[in-house]
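Enquirer: Chain by chain, the residues:
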Amino acid sequence: MFDIERSGTVEGLAGSIDRVLANCTGVQALLIMSCADNGFTPDKVDPILTNAGLPILGGVFPALIHAAERLERGSIVWGITSQIDVTVIENISAPEGDLEAAIDAAITTVPEKALQLIFVDGFARRIGALINAMHDVLGVGVLTIGGGAGSLDFVQRPCLLTQQGMLEDAAVFGTMSRTAGVGVSHGWQQVRGPFRVTESQQNTIVTLDWRPAFEVYREVVEAHSGKQFTEENFFDIAKAYPFGLARLDSERIIRDPVMIGDEGALVCVGEVPEGEHVDIMNGDEPSLLAAAAKARAIAVQQLGADPELTLFMDCISRVLFLGDSFSVELESVRSGDVPTLGACTIGELANHGGEFLEFYNKTAVVAALAP
Amino acid sequence: MTNPPPTTDNSALFETQLLFEIAMSIGNSLDLQEMTKTALRTYMRKLNCPLGAVLRHDERRGWVQLAGLPRRVAEHDALRTAHIFLQGKRPPIVGASCLDYGEGEQLYVLPLADYGVLVLGRSDRPMAHTLLSSLVSVNGRFAAACRACERQLELEHAKLEAEAADRAKTQFLANMSHEIRTPMNGVLGLSQLLLRTDLPDQAADYVETIYASAKALLGVIDDVLDVARFGEGGLPIHPEPTDLRGEIDGIVNLLRPVATERALDFSVSIDSHLPARVSVDPSRLRQVLVNLLSNALKFTNDGWVTLRVRCGALSGRDAEIVFTVEDSGIGIQKEDIPQLFKPFWQADESYSRWRSGTGLGLAISQQIVTLMGSEIHVLSTPGQGSQFQFSLHVPVVEDVSAIGPVGLKTEMFGKLRVLVADDDATNRLVITESLRVFGVEPVLVGSGADAVREVESSSYDLVFMDVQMPGMDGLQATQAIRALPDKDRAQVPVVALTAHVMSQHREQCLNAGMTDYVAKPMELERLQEVLTKYAGDKPLAVQEQTPQDVLSRPGENESGDGWVDTAADIDFPKLLAQFDGNEAIVAKVLDQLVGELAFFNEDLKAAVAQQALDTVKALAHRLKGVSANVFAATLSAKALDLEMAAGAGDPDAVSEVYRHLQTANKAVVGSATQWLEAGARGD
Chain A
1194 MFDIERSGTV EGLAGSIDRV LANCTGVQAL LIMSCADNGF TPDKVDPILT NAGLPILGGV
1254 FPALIHAAER LERGSIVWGI TSQIDVTVIE NISAPEGDLE AAIDAAITTV PEKALQLIFV
1314 DGFARRIGAL INAMHDVLGV GVLTIGGGAG SLDFVQRPCL LTQQGMLEDA AVFGTMSRTA
1374 GVGVSHGWQQ VRGPFRVTES QQNTIVTLDW RPAFEVYREV VEAHSGKQFT EENFFDIAKA
1434 YPFGLARLDS ERIIRDPVMI GDEGALVCVG EVPEGEHVDI MNGDEPSLLA AAAKARAIAV
1494 QQLGADPELT LFMDCISRVL FLGDSFSVEL ESVRSGDVPT LGACTIGELA NHGGEFLEFY
1554 NKTAVVAALA P
Chain B
4 MTNPPPTTDN SALFETQLLF EIAMSIGNSL DLQEMTKTAL RTYMRKLNCP LGAVLRHDER
64 RGWVQLAGLP RRVAEHDALR TAHIFLQGKR PPIVGASCLD YGEGEQLYVL PLADYGVLVL
124 GRSDRPMAHT LLSSLVSVNG RFAAACRACE RQLELEHAKL EAEAADRAKT QFLANMSHEI
184 RTPMNGVLGL SQLLLRTDLP DQAADYVETI YASAKALLGV IDDVLDVARF GEGGLPIHPE
244 PTDLRGEIDG IVNLLRPVAT ERALDFSVSI DSHLPARVSV DPSRLRQVLV NLLSNALKFT
304 NDGWVTLRVR CGALSGRDAE IVFTVEDSGI GIQKEDIPQL FKPFWQADES YSRWRSGTGL
364 GLAISQQIVT LMGSEIHVLS TPGQGSQFQF SLHVPVVEDV SAIGPVGLKT EMFGKLRVLV
424 ADDDATNRLV ITESLRVFGV EPVLVGSGAD AVREVESSSY DLVFMDVQMP GMDGLQATQA
484 IRALPDKDRA QVPVVALTAH VMSQHREQCL NAGMTDYVAK PMELERLQEV LTKYAGDKPL
544 AVQEQTPQDV LSRPGENESG DGWVDTAADI DFPKLLAQFD GNEAIVAKVL DQLVGELAFF
604 NEDLKAAVAQ QALDTVKALA HRLKGVSANV FAATLSAKAL DLEMAAGAGD PDAVSEVYRH
664 LQTANKAVVG SATQWLEAGA RGD
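The listed protein sequences correspond, in order, to chains A and B.
So the first sequence is numbered by my numbering: it starts at 1194 and just counts up by one.
So the second sequence is numbered by my numbering: it starts at 4 and just counts up by one.
Watch out, some of these pointers could steer you wrong.
Stated by the list, open to error - Simulated restraints on C-beta separations:
no., chain 1, residue 1, chain 2, residue 2, range
1, B, 107, A, 1345, 40 to 46 Å
2, B, 156, A, 1305, 35 to 41 Å
3, A, 1357, B, 36, 32 to 38 Å
Bear in mind the hints are in silico, worked out from the structure with no lab data behind them.
Backbone N, C-alpha and C define an ideal beta-carbon position, used for all residues, glycine too.
Isolated chain A (complex conformation):
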């Protein structure tokens, strides 16, 4: 049972929660996704979250997805009736924090057929460490879907919705007993590479092949696109040319360059370890739209049955890239009357089973949930 609230007001959210709880029995937890434009702040929303009397997981995102519709105001509240354990980990950016120990202490048992929902502050600095810790504790057997919360102004602020209230620099995840399938695809193709990441600092690529990263990137992108970078148009061009990190027998992991840093460095969403090789990628509308459909197909195929509900985490930068065509992407994931809920995220989190849990950019992640 879920409820779509379109006013974007605090009262609207409270009403939505009340409706879900009134109309659905056996709710174990609430998944709440809200639009950043609602302007929710802890002082207004915390009383509602803390008084709900149930575990809550979710976040504030640049946009929400409901069926083939993109919402830029309002909230989605889903009453989860499956058995679910919800865990909150705070201060994930603290360098001294032992995330693995925190996760290990929080997770006592994992159901045999488990689906994990995870949301993280998209501007936290140690998302990579969190992902590693999550993998080290849980392994690859737990299907995972989730994404980074936050808003497009790139300002870190409380953006996770939990039973403790709105939180910043935190992660919230819930592991539920639910048969599901997960598909991941992005549709970006290699243009040039590989380039060796000869110096990087977390999410900033300082040099590629011992040259300033932007210098290398500019040569390739300007030649391929026929456009010239200026002081104002970096992201307009760069949104079509992400980096790809190589994995054996798997799609490349996409990293989205979002701005030029000091001395020609490139700042990305997500970490790019030193010593990695990256390709410069490019895509067009057809390839991206095909990828979203492919992600859904993989998820449904993995489930092996018609889903009761589809969760769709799609990168906000795909929205920016596709523009009006984003509605086509939504249509390609939607399937008949099967409800589709989701968010346009700042980085996506997924493990479709048998691979490493990854933090993606510019990628479509779909989970198909069994009845």
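Assemble chain B onto chain A, guided by the hints.
Expert: Leaving out everything else, chain B in the frame of chain A:
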């Protein structure tokens, strides 16, 4: 069902790229757990493997897991399969093996040279042969990195063990020091006291030899302890306001008999611009100069030994003092000079045998000078002599009051109320007899608890406290005294009197609230220093026994002598006797006195003019003590009158007494100046 087939190719370039990234993740830490985990995670990520483990072969336990991901991988069927495969095998495992353990699942067991194996589980299509072969090569690097981590761990353990052994050694030295010093205290103290009795000449000679031998032995122990402290973090240096000339005089007086005995010309040259007081550790400076001069005297057969002290550039409130010890001795070979400051090194075994010595003195001296921020430099020509030189940058101490008053005569401590707490009967005897030399009759207790009770029930001016006592030790007793409700009694000076001499013990004493620290055996000179420092600046005897009282009761002291001659402005015979007839010291005292009286005169004049009676009273009180110390009885009496008049709040009386005091002051200054001028003329 998994994602569809890969979109990337398996070209050699792509493999090389992956292998490079894996290789880059190896060996980035010397912590075995961290390094293996980081590298394993990269293997798994790059090769798209859901599980992995590093197994090491141990002769005793067989195959053990060093690292594994995810955390509970050991419970996984794949690891059980790997263990079954490895049963009965031991490194080196040759070549990569691919085992089936489930439908569509592969388990790779890859050798880590002669170290162990890397296990990787994979659920996608099998890895290419070329990639597997290349991985075996990269794994060689991984194995080497694992071994490097283990060596590092072994080294760290060895270091910890060595440090523990070093701590044990230091503790042993501390204990030995205590054990040796306690009986030495008895030998030295009692032989010193014995020498003050009427002994037959032969017996006196024997006792003198016992005393000298014990003192020499103590010197050796001190040297060995100092060298031990090198490894303890350095010798402790405690700068304090120091009368440099006084220290040098003391050193020269100590060594002059040696020079005389060896028929050497021993001269000292001190810069006239040398600051009166500087901040330096006097005992450590003395240790260095005595060592350098002793060596010079030891290694000079005929000719001369000179100590020169020059004041170099003054910058701000700091002075550069250059100490030079020069001799016309046997000199040192050029190649031996670099060895001079190494512990236990002696230039010439044959010389050292008849000249004695441990070979530690120069090493200790260099260490001390280094800790003081300088270095000893050596110039020497064999057969012609040597020069040892070092310079110290030291703060100049401007405050005259920073140094205690010049030496009080021993009998002046007669009315001090002193408590001695020591559980050892010999020690109690030594300290009692030593204090009696200064006219002090101490109260004795044998435990810390008794000491606390005594201080609580009676008023004391000074407490000598042994540190190591059964039950409540000296540190606890001092803390208990400091916590007494009677604040005056709680603040009594407590001087640690102990055979513990390591630096941490000094800190322990001071941290426990003790006022000072004196190492056993404590000699009479040091005892007088302590009495002067902690009782002399509160003129207890003088307070209760005013100069007028003294004048009215000549012969009250044990010797039967009067304190001062009432007729004289300064009692010079007494003053000379105070300093064992050393005119140089008397001259220095008088020189300082003249300066101080000028200071008092100016300040008193201003205070009297402004009728600032509290200031007058305080200045008169200090003047009373200063003048009594140099046996200027009249001036001391007038100062007392002035103090009383000011205390009574009578401005007229103050003006009247002040006029008389000025007369007495001029007379004292005149006498002192006359004496000094006569000395300068050599009259």
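Enquirer: Failing hints, ascending?
Expert: The structure breaks none of the hints.
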